[in-house]
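S.K.: Sequence:
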Amino acid sequence: MEKIVLEHITYIYGEGTPFRQVALDDVSIAIRENRITGVIGHTGSGKSTMMQLLNGLAKPTSGKILLDGYDINTEPAEVYDAWRALPEYAGLSRRAAKKAIREEVLRRRKRLCFRVGLVMQYPEYQLFEETVRKDIAYGPTNMGLEQAEIDTRVREAAEWCGISPDLLDRSPFDLSGGQKRRIAIAGVIAMRPEVLILDEPAAGLDPQGRDWIFEGIRTYREKTGSTVVIVSHSMEDMARYCDDVVVLANAKVILQGDREEVFSHGDRLEESGLDVPQITRLIAMLRNRGFDLPANIYTVDRACEVLLSKTAGRAAE
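One gets my numbering by counting positions in the sequence shown from 1 and adding 21 to each.
For the record, the hints were derived by calculation from the structure and aren't laboratory data.
We put the beta carbon where it would ideally sit given N, CA and C, even for glycine.
Misleading hints may appear alongside valid ones.
[To be verified] Derived Cβ-Cβ restraints for the label pairs, each shown as a range:
hint	residue 1	residue 2	range
1	E236	E170	37 to 47 Å
2	R130	A169	49 to 59 Å
3	P228	E281	38 to 48 Å
4	S197	N163	23 to 33 Å
5	L87	G246	16 to 26 Å
6	G246	E281	14 to 24 Å
Work out the full structure, taking the sequences as your base and the hints as a guide.
M.R.: Rendered as C-alpha coordinates:
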(Lines of atoms letter the chains of each structure in order from A and count residues from 1; the text may use other names and numbers.)
(Lines give C-alpha, C1' and ligand atoms only; values in the text may rest on other atoms or scores of the structure.)
Protein backbone atom coordinates (compact mmCIF):
# COMPACT_ATOMS: atom_id res chain seq x y z
CA MET A 1 0.00 0.00 0.00
CA GLU A 2 1.25 3.49 -0.86
CA LYS A 3 1.78 5.82 2.11
CA ILE A 4 3.04 8.88 0.24
CA VAL A 5 2.54 9.71 -3.42
CA LEU A 6 4.24 12.56 -5.27
CA GLU A 7 2.37 13.51 -8.43
CA HIS A 8 4.30 15.54 -11.02
CA ILE A 9 6.16 17.59 -8.41
CA THR A 10 8.20 20.55 -9.63
CA TYR A 11 10.05 22.89 -7.28
CA ILE A 12 11.88 26.01 -8.47
CA TYR A 13 14.12 28.23 -6.37
CA GLY A 14 14.17 31.93 -7.22
CA GLU A 15 11.31 31.79 -9.70
CA GLY A 16 11.08 35.04 -11.65
CA THR A 17 14.66 36.06 -10.81
CA PRO A 18 18.01 35.71 -12.61
CA PHE A 19 18.91 33.05 -10.01
CA ARG A 20 16.11 30.67 -11.02
CA GLN A 21 17.06 27.05 -10.31
CA VAL A 22 14.95 23.95 -10.87
CA ALA A 23 15.44 21.62 -7.90
CA LEU A 24 12.83 19.02 -8.88
CA ASP A 25 11.39 18.61 -12.36
CA ASP A 26 8.10 16.70 -12.82
CA VAL A 27 8.93 14.10 -10.18
CA SER A 28 6.43 11.30 -9.51
CA ILE A 29 7.16 8.77 -6.75
CA ALA A 30 5.16 6.27 -4.71
CA ILE A 31 6.54 5.48 -1.24
CA ARG A 32 5.17 2.22 0.10
CA GLU A 33 3.85 1.83 3.63
CA ASN A 34 5.91 0.08 6.33
CA ARG A 35 9.03 0.01 4.14
CA ILE A 36 12.40 1.74 4.30
CA THR A 37 12.84 3.77 1.13
CA GLY A 38 16.23 5.20 0.23
CA VAL A 39 16.62 8.35 -1.86
CA ILE A 40 20.04 8.62 -3.44
CA GLY A 41 21.75 11.06 -5.76
CA HIS A 42 24.65 13.46 -6.05
CA THR A 43 24.74 16.87 -4.37
CA GLY A 44 22.27 19.15 -6.11
CA SER A 45 20.08 16.33 -7.41
CA GLY A 46 17.08 17.50 -5.34
CA LYS A 47 17.17 15.02 -2.43
CA SER A 48 17.01 17.48 0.46
CA THR A 49 14.42 19.63 -1.30
CA MET A 50 12.19 16.58 -1.66
CA MET A 51 12.47 15.82 2.06
CA GLN A 52 11.41 19.34 2.98
CA LEU A 53 8.42 19.07 0.66
CA LEU A 54 7.32 15.80 2.29
CA ASN A 55 7.28 17.44 5.72
CA GLY A 56 5.46 20.57 4.54
CA LEU A 57 8.44 22.87 5.21
CA ALA A 58 8.27 23.91 1.57
CA LYS A 59 5.45 23.93 -0.96
CA PRO A 60 5.92 22.61 -4.51
CA THR A 61 5.76 25.03 -7.41
CA SER A 62 3.39 22.57 -9.05
CA GLY A 63 2.08 19.07 -8.43
CA LYS A 64 0.57 17.27 -5.45
CA ILE A 65 1.89 15.39 -2.44
CA LEU A 66 -0.60 12.89 -1.03
CA LEU A 67 -0.32 11.40 2.46
CA ASP A 68 -2.79 8.53 2.80
CA GLY A 69 -4.58 10.04 -0.19
CA TYR A 70 -4.85 13.52 1.36
CA ASP A 71 -3.16 16.51 -0.28
CA ILE A 72 -0.86 17.94 2.41
CA ASN A 73 -0.85 21.35 0.73
CA THR A 74 -4.62 21.84 0.64
CA GLU A 75 -5.36 25.54 0.21
CA PRO A 76 -7.77 27.41 2.56
CA ALA A 77 -10.15 27.90 -0.36
CA GLU A 78 -10.33 24.14 -0.84
CA VAL A 79 -11.01 23.68 2.88
CA TYR A 80 -13.82 26.23 2.64
CA ASP A 81 -15.34 24.50 -0.40
CA ALA A 82 -15.40 21.22 1.52
CA TRP A 83 -16.92 22.85 4.58
CA ARG A 84 -19.69 24.58 2.66
CA ALA A 85 -21.26 21.20 1.96
CA LEU A 86 -21.62 20.47 5.70
CA PRO A 87 -24.90 21.58 7.36
CA GLU A 88 -23.25 22.67 10.63
CA TYR A 89 -21.23 25.35 8.85
CA ALA A 90 -24.00 26.69 6.64
CA GLY A 91 -24.89 29.48 9.07
CA LEU A 92 -21.38 30.87 9.63
CA SER A 93 -20.80 34.52 8.83
CA ARG A 94 -18.04 35.42 6.37
CA ARG A 95 -15.78 36.58 9.20
CA ALA A 96 -16.43 33.46 11.29
CA ALA A 97 -15.86 31.25 8.26
CA LYS A 98 -12.47 32.86 7.53
CA LYS A 99 -11.40 32.41 11.15
CA ALA A 100 -12.55 28.78 11.16
CA ILE A 101 -10.69 28.10 7.91
CA ARG A 102 -7.44 29.62 9.25
CA GLU A 103 -7.70 27.54 12.41
CA GLU A 104 -8.42 24.37 10.45
CA VAL A 105 -5.45 24.93 8.11
CA LEU A 106 -3.14 25.52 11.10
CA ARG A 107 -4.44 22.36 12.78
CA ARG A 108 -3.78 20.36 9.63
CA ARG A 109 -0.23 21.70 9.34
CA LYS A 110 0.46 20.95 12.99
CA ARG A 111 -0.87 17.41 12.59
CA LEU A 112 1.36 16.99 9.54
CA CYS A 113 4.46 17.82 11.61
CA PHE A 114 3.50 15.12 14.10
CA ARG A 115 2.61 12.58 11.38
CA VAL A 116 5.73 13.19 9.27
CA GLY A 117 8.89 13.52 11.35
CA LEU A 118 11.94 15.10 9.72
CA VAL A 119 15.50 14.65 10.97
CA MET A 120 17.72 17.20 9.25
CA GLN A 121 21.37 16.64 8.42
CA TYR A 122 23.60 17.01 11.51
CA PRO A 123 20.57 17.13 13.86
CA GLU A 124 22.82 17.21 16.94
CA TYR A 125 23.21 20.95 16.33
CA GLN A 126 19.53 21.30 17.29
CA LEU A 127 19.94 19.95 20.83
CA PHE A 128 19.19 22.60 23.46
CA GLU A 129 17.75 21.12 26.66
CA GLU A 130 19.57 20.64 29.98
CA THR A 131 19.36 16.86 29.93
CA VAL A 132 19.00 14.08 27.38
CA ARG A 133 15.65 13.13 28.91
CA LYS A 134 14.22 16.64 28.47
CA ASP A 135 15.47 16.89 24.90
CA ILE A 136 13.83 13.62 23.86
CA ALA A 137 10.64 14.60 25.71
CA TYR A 138 10.32 18.01 24.02
CA GLY A 139 8.26 16.79 21.05
CA PRO A 140 5.85 14.54 22.99
CA THR A 141 5.35 17.34 25.53
CA ASN A 142 4.30 19.73 22.77
CA MET A 143 1.86 17.11 21.53
CA GLY A 144 -0.03 17.57 24.80
CA LEU A 145 0.47 14.00 26.00
CA GLU A 146 0.09 12.84 29.61
CA GLN A 147 3.32 12.64 31.60
CA ALA A 148 3.11 8.85 31.90
CA GLU A 149 2.87 8.52 28.12
CA ILE A 150 5.75 10.98 27.65
CA ASP A 151 7.94 8.95 30.02
CA THR A 152 7.09 5.75 28.13
CA ARG A 153 7.93 7.29 24.78
CA VAL A 154 11.22 8.73 26.05
CA ARG A 155 12.24 5.35 27.46
CA GLU A 156 11.31 3.46 24.28
CA ALA A 157 12.91 6.00 21.91
CA ALA A 158 16.12 5.91 23.95
CA GLU A 159 16.13 2.11 23.87
CA TRP A 160 15.49 1.93 20.11
CA CYS A 161 18.32 4.39 19.46
CA GLY A 162 20.80 2.62 21.72
CA ILE A 163 20.88 5.30 24.42
CA SER A 164 21.57 3.73 27.82
CA PRO A 165 19.34 4.79 30.77
CA ASP A 166 22.31 6.23 32.69
CA LEU A 167 22.71 8.90 29.99
CA LEU A 168 19.16 10.27 30.25
CA ASP A 169 19.93 12.67 33.11
CA ARG A 170 23.22 13.89 31.69
CA SER A 171 23.72 16.97 29.57
CA PRO A 172 23.65 16.11 25.85
CA PHE A 173 26.56 18.48 25.32
CA ASP A 174 28.87 16.27 27.39
CA LEU A 175 28.43 13.30 25.04
CA SER A 176 30.16 12.19 21.86
CA GLY A 177 29.07 13.19 18.37
CA GLY A 178 27.53 9.80 17.66
CA GLN A 179 25.60 9.84 20.94
CA LYS A 180 24.30 13.34 20.21
CA ARG A 181 23.13 12.19 16.79
CA ARG A 182 21.19 9.31 18.34
CA ILE A 183 19.62 11.62 20.92
CA ALA A 184 18.44 14.01 18.21
CA ILE A 185 16.91 11.14 16.24
CA ALA A 186 15.29 9.78 19.41
CA GLY A 187 13.64 13.17 19.92
CA VAL A 188 11.81 12.78 16.61
CA ILE A 189 11.12 9.07 17.08
CA ALA A 190 9.53 9.81 20.49
CA MET A 191 6.67 11.55 18.65
CA ARG A 192 6.09 8.25 16.81
CA PRO A 193 5.53 9.77 13.38
CA GLU A 194 3.79 7.63 10.80
CA VAL A 195 6.54 8.64 8.38
CA LEU A 196 10.14 9.17 9.53
CA ILE A 197 12.35 11.12 7.12
CA LEU A 198 16.10 11.32 7.69
CA ASP A 199 18.51 13.45 5.68
CA GLU A 200 21.98 11.83 5.69
CA PRO A 201 21.50 10.41 9.22
CA ALA A 202 24.98 8.85 9.38
CA ALA A 203 26.97 11.69 7.78
CA GLY A 204 30.37 12.16 9.41
CA LEU A 205 30.14 9.10 11.67
CA ASP A 206 32.58 6.19 11.90
CA PRO A 207 31.44 2.70 10.79
CA GLN A 208 30.32 1.70 14.27
CA GLY A 209 28.36 4.92 14.66
CA ARG A 210 26.72 4.38 11.28
CA ASP A 211 25.66 0.88 12.29
CA TRP A 212 24.14 2.13 15.55
CA ILE A 213 22.14 4.79 13.73
CA PHE A 214 20.77 2.52 11.03
CA GLU A 215 20.03 -0.35 13.41
CA GLY A 216 18.04 2.07 15.57
CA ILE A 217 16.08 3.24 12.54
CA ARG A 218 15.35 -0.33 11.51
CA THR A 219 14.26 -1.23 15.05
CA TYR A 220 11.87 1.72 15.10
CA ARG A 221 10.30 0.62 11.82
CA GLU A 222 9.92 -2.96 13.05
CA LYS A 223 8.41 -1.95 16.41
CA THR A 224 5.96 0.67 15.13
CA GLY A 225 5.23 -0.29 11.52
CA SER A 226 6.14 3.22 10.39
CA THR A 227 7.28 4.23 6.93
CA VAL A 228 10.90 5.41 6.75
CA VAL A 229 12.58 7.54 4.07
CA ILE A 230 16.37 7.90 4.16
CA VAL A 231 18.40 10.32 2.06
CA SER A 232 21.98 9.20 1.50
CA HIS A 233 24.82 9.26 -0.99
CA SER A 234 26.08 5.84 0.14
CA MET A 235 25.13 2.92 -2.08
CA GLU A 236 26.33 0.53 0.64
CA ASP A 237 23.86 1.98 3.15
CA MET A 238 21.05 1.80 0.60
CA ALA A 239 21.84 -1.83 -0.18
CA ARG A 240 22.13 -2.88 3.44
CA TYR A 241 19.15 -1.16 5.03
CA CYS A 242 16.58 -0.11 2.41
CA ASP A 243 13.74 -2.10 0.88
CA ASP A 244 13.09 0.35 -1.97
CA VAL A 245 15.37 2.87 -3.67
CA VAL A 246 14.71 6.10 -5.59
CA VAL A 247 17.56 7.52 -7.69
CA LEU A 248 17.62 11.25 -8.50
CA ALA A 249 19.82 12.94 -11.08
CA ASN A 250 19.55 16.47 -12.47
CA ALA A 251 16.27 17.11 -10.62
CA LYS A 252 14.58 14.04 -12.13
CA VAL A 253 13.85 10.48 -11.06
CA ILE A 254 15.88 8.11 -13.23
CA LEU A 255 15.19 4.88 -11.34
CA GLN A 256 12.79 3.69 -8.66
CA GLY A 257 11.71 0.31 -7.37
CA ASP A 258 12.80 -2.35 -4.92
CA ARG A 259 16.49 -2.61 -4.08
CA GLU A 260 17.25 -5.56 -6.35
CA GLU A 261 15.54 -3.98 -9.32
CA VAL A 262 17.35 -0.65 -9.00
CA PHE A 263 20.81 -2.14 -8.46
CA SER A 264 20.36 -4.44 -11.44
CA HIS A 265 20.62 -1.32 -13.65
CA GLY A 266 24.32 -0.72 -13.02
CA ASP A 267 24.79 0.89 -16.42
CA ARG A 268 22.06 3.46 -15.76
CA LEU A 269 23.59 4.29 -12.39
CA GLU A 270 27.05 4.74 -13.89
CA GLU A 271 25.68 7.03 -16.60
CA SER A 272 24.39 9.28 -13.80
CA GLY A 273 27.74 9.32 -12.02
CA LEU A 274 26.60 6.82 -9.37
CA ASP A 275 27.64 3.22 -8.88
CA VAL A 276 26.48 -0.10 -7.53
CA PRO A 277 27.82 -1.19 -4.10
CA GLN A 278 31.49 -2.20 -4.14
CA ILE A 279 30.67 -5.79 -3.18
CA THR A 280 28.34 -6.05 -6.18
CA ARG A 281 31.14 -4.87 -8.47
CA LEU A 282 33.50 -7.45 -6.93
CA ILE A 283 30.97 -10.25 -7.46
CA ALA A 284 30.53 -9.16 -11.09
CA MET A 285 34.31 -9.39 -11.61
CA LEU A 286 34.36 -12.90 -10.12
CA ARG A 287 31.45 -13.96 -12.33
CA ASN A 288 33.34 -12.68 -15.38
CA ARG A 289 36.24 -14.94 -14.38
CA GLY A 290 34.00 -17.97 -14.35
CA PHE A 291 32.93 -18.21 -10.71
CA ASP A 292 29.45 -19.62 -10.22
CA LEU A 293 27.91 -16.82 -8.15
CA PRO A 294 24.48 -15.13 -8.28
CA ALA A 295 24.36 -11.61 -9.69
CA ASN A 296 21.97 -10.19 -7.09
CA ILE A 297 24.45 -9.73 -4.24
CA TYR A 298 24.37 -6.20 -2.84
CA THR A 299 25.69 -6.52 0.74
CA VAL A 300 28.82 -7.95 2.35
CA ASP A 301 26.68 -10.10 4.65
CA ARG A 302 24.93 -11.70 1.68
CA ALA A 303 28.26 -12.23 -0.11
CA CYS A 304 29.71 -13.98 2.95
CA GLU A 305 26.63 -16.17 3.19
CA VAL A 306 26.89 -17.25 -0.46
CA LEU A 307 30.66 -17.80 -0.39
CA LEU A 308 30.49 -19.81 2.84
CA SER A 309 27.73 -22.00 1.41
CA LYS A 310 29.87 -22.61 -1.69
CA THR A 311 32.86 -23.50 0.48
CA ALA A 312 30.80 -25.82 2.66
CA GLY A 313 29.41 -27.54 -0.41
CA ARG A 314 32.88 -28.24 -1.80
CA ALA A 315 34.11 -29.49 1.59
CA ALA A 316 31.21 -31.95 1.73
CA GLU A 317 32.20 -33.30 -1.67
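S.K.: Look at each hint and say if it fits the structure.
M.R.: Evaluation of the provided hints:
1. E236 - E170: 37 to 47 Å: Between E236 and E170, where Cβ atoms are some 25 Å apart, the hint is violated.
2. R130 - A169: 49 to 59 Å: Violated, since R130 and A169 (Cβ atoms, about 28 Å apart) do not stay within the stated range.
3. P228 - E281: 38 to 48 Å: 24 Å, violated
4. S197 - N163: 23 to 33 Å: 27 Å, holds
5. L87 - G246: 16 to 26 Å: With a Cβ separation near 19 Å, L87 and G246 satisfy 16 to 26 Å, so the hint holds.
6. G246 - E281: 14 to 24 Å: The hint (14 to 24 Å, Cβ to Cβ) holds, given that G246 and E281 are roughly 23 Å apart.
This entry does not satisfy hints 1, 2 and 3, going by the numbered hints stated previously.
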